[in-house]
Structure formats: C-alpha cells, structure tokens
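Colleague: Each chain, letter by letter, is given below.
There are 2 protein chains.
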Amino acid sequence: MSDRKPLILITNDDGYQAKGIAELINAMKGLGELVVFAPDSHRSGMSSAITTAHPLRARIYHKEENLTAYMCNGTPVDCVKLALNEFLERKPDLLVSGVNHGSNAGISVLYSGTVAAALEGCVSNIPSIAFSLCDFTPDADFTYTARIAEKLARKVLSDGLPKGICLNVNVPVGEVKGIRMTTQTQGKWVNEYQRSQDGIGRDVFWMTGNFENWEEDNVNNDEWALANGYAAVVPVKIDMTAHDLIPELKEWEL
Amino acid sequence: MSDRKPLILITNDDGYQAKGIAELINAMKGLGELVVFAPDSHRSGMSSAITTAHPLRARIYHKEENLTAYMCNGTPVDCVKLALNEFLERKPDLLVSGVNHGSNAGISVLYSGTVAAALEGCVSNIPSIAFSLCDFTPDADFTYTARIAEKLARKVLSDGLPKGICLNVNVPVGEVKGIRMTTQTQGKWVNEYQRSQDGIGRDVFWMTGNFENWEEDNVNNDEWALANGYAAVVPVKIDMTAHDLIPELKEWEL
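In the order they appear, the protein sequences are chains A and B.
When you line the first sequence up against full-length UniProt numbering, it's residues 1 to 254, in that order.
When you line the second sequence up against full-length UniProt numbering, it's residues 1 to 254, in that order.
Since the list can't tell identical chains apart, any single copy or any two copies may satisfy a pair.
Simulated crosslink set (DMTMM-like; lysine to aspartate or glutamate; CA at most 25 Å straight-line):
id, residue 1, residue 2
1, K29, D159
2, K177, E150
3, K163, E33
4, K177, E248
5, K163, E248
6, K163, D93
7, K250, E215
8, K91, E192
Just so you know, the hints here were simulated from the structure itself, not pulled from any lab data.
With the rest of the complex left out, here is chain A (with noise of 0.2 Å):
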C-alpha cells in the first residue's frame, strides 16, 4: 500500500458549495487523494442524524486528478456512512469534516453536524477531525485555519488517533496566536427562541439563543481558548458512558 497516496474523506454540515469545504479541499490537496461527500444543501445542527425513512441519492459534481467530489441528500453522518458502505474503494486513512461557518465550542459538539461527521468516522476507526471557524458568515476568512488545518492532519495522518477518539477544532477570528489542547467547555444555550407570528397570527418559533459558559474561570477549556486567540483542540469521545458513576449505580435497592 506504501505506493498509494493516503485516501482522505472531506464532509461538512454547511452543503457542498459553502466556501469552508472549498478551502479545506485546498487545504488538503497537498496530502493525498481526495473523496468528497458532502451534503446537497445545508446541513446544520443535525449532530448525528441518519436517513431512515427515504432513500439517499448521490452524485459526482466535480472530479480533477486526485480529487472526486458528489453531493448527497443526505445528513453529514448519512454522507459518511454512504460513502464508506457504497462509494469508497478503499478505507480512507483520514477522514476531515468542515470547515464550518460558525463555532462548535462546548456543548455545541452536541448539536454539530459537523463534529457528527467526526464522529462517524471515529466509529469506523478512522482517524478523523472536525474544523471549524468561529464566523458564520458565507464569505468568512479562512486562511488561518486552513493552515491549521493542513497541520494538523499531516500530524493525524502520520501518528493516527487513539481508537475511538476524534477531534474538534475550533479556530477565531483573525490572527491565531497557536494551538491550544482543552476541554468542551461546560454550559448551555439559553433564550433559545424567538417567538413571532406567522401570516394568519398564529404563534411561531425561531431558534436563537446564547451560550452561558459555566465554567467562566477555567483557562483548560476552548472558550478560553478562542475568546483569547488560541484554537481550541478537543479530544472527542464515541463512548458516552459515565464509568465512574456505575459502582454508586450498583448500589440502588430498585
């Protein structure tokens, strides 16, 4: 195999033609042969949700040497799923997610389409990592995290990730001072809806909201990290599962 180039799976959230995906696939077009699969329109907030009851569909919209792009009507998991299952010949050595418009600091790894992709290829025990950019707007500047990018999958292409561990990467705005390890900081959204009227009068309900950071004081979590120019690195788990709360579990008289 050491006369192939690495095969690196690219997704995102934000649909096909959003200018992050543009800018990772430049970002890794140095580093292997690129598969593109991601979705046919906007995909956001849809953490890990599959397609269960229609069909998905894909198709090829773009393909130069070493670079094969479709578009999916489908979730970024269902993406992910689908091209490992149907359309990849080989099993990708890397598999990047991004660059989202937007952040995915803290409990938003929850919610992320983006970090879901992530995740999905962690399932499949493929080093995997979502980027994102803290700036939703369509025309957002990518090129400091393109660099970041670019290294830190050189890094994960080169040593690998532990089994069942991905990352999210989320990067500032402007220049970034470095790179910094942390925790997915504790803390919520809250004021989440706005409501308003429809055209008869009847009550409706946007989604809106701000995060509430609970853990204001704590200089190891990626909102320090961003809010002080560095991005923000976290390691990302597939298992769930709070271990240390079993023994006390154990002990309930049910």
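Please build the complex by placing chain B on the supplied structure of chain A, with the hints as guidance.
Modeller: Here is chain B on its own, set in the frame of chain A:
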C-alpha cells in the same frame, strides 16, 4: 414547593401517537403532574438535531387533570428546548423520554432521538431518563418496560442524578430477569445500505444494517445484559471530552 406535585416532562422520538409514549404516560401518572411535549410525527434517528431554518409550532392535543399534552413540529431535542424555554411554568423535576419502539443500546446512543432528548434534559440540569424496548413493532408489549420505568423514575425523583449524566435504559422483549447497570457496548453498524432503484432506474440507498459487537465477551455492557434477559441501564455523559488523552496531545509538536 413541597405542596406541589413533581413536574414530569415526557417526550419521545416516535411521535405523540406511538404506543410507547402512551404507556410511558400511564406509568408516570401516579408520580406527579405530567406535561407531554412530543413530535407531531415519527422523528427516529434524529440524534440531537435542532431546527434552525424554519420556525417551530406547538399546540395542545389533550388535557386532563395533571396532564397537558402538546405536539410540536420539531425534533425530540427541539421539543425539550421549546417546552423548557417557552411553555413550562416551572422547571421539571424529571424528564422521561420514550418508550422507544426498538433498541437504543450500544452505539445507537449517538443516533437516537430518544436518548438525545434525555441528554438535552441533562444539559438543563434536569434528572433525565431515556427508555427503549427492543421491539420496533407498533403494537409491542410494554408491560415490563412500564414497571421498570416507574421504578427508575421514582428512584431518580427521590435521589436525583449527578450533574451532566442521564440514564439510557433498554429493556429486552419478554419477561425481564432484573436490572443491570452497564457500559455502552462498543461496536458499530455494518452493511448499512440496501441499494435499490427509483422508478426511472436511478440508484437509491435505503438504510438497513446489523450491529457488529466488538465486545462479545464483556459481561458488563448493555448488549450482554439484553441478550441475557436483563434491562440495561447505562449512565451517559454530556461531556464527551477524552480527558485522558489531553496530556499526550499537549506533547504534540505542531
């Protein structure tokens, strides 16, 4: 507050008309004041997906003493968020989700809307439990599951759960030998698509598949418990950080 009954928020991912949620409502009736806030149709496999691109709506479909039931056009997590942000007059003392028609053991914790609803309760510091029966038929027999749900709900209402941890409870078909506290079985779904054709001969892919268990010999995980006639309780964390890996990541030269 001691003169008020406990407030219990109930949701699911199979939709408000599913037998599983009706049985869960019945099981909770002796325990407090109930508010149901459930999807208006099937939302299986939605994980922690949230709706940002279109507005949410909710309306009461049933009301009786100590029970108000809403249906909502969102995902399970939307239902929990909208109920907590806009519809409930006080914070629930307990959130229960399900009973799901079908297993949510092992890696399904990542994809399940039922479990995601409990995780969302957990994000808001509400003791939360997801219940699933390993039978996906619409008329499944929830007799034992209802008893287990009542027992666990009473325990959690009385003693609470640690911050950031909810319970994922799966129940086998038939008579249940007891309740085991377990870990999330490591493994993955394989053979995930059935290729078919649409009416004009284009390839489409339907999700299917079977679970590949990587821990066949582990007697402490949820798949073992279920296969041996026990209900399986997994404590699930919202902090997905792989804390143990951070020291090693800090040594990376980038």
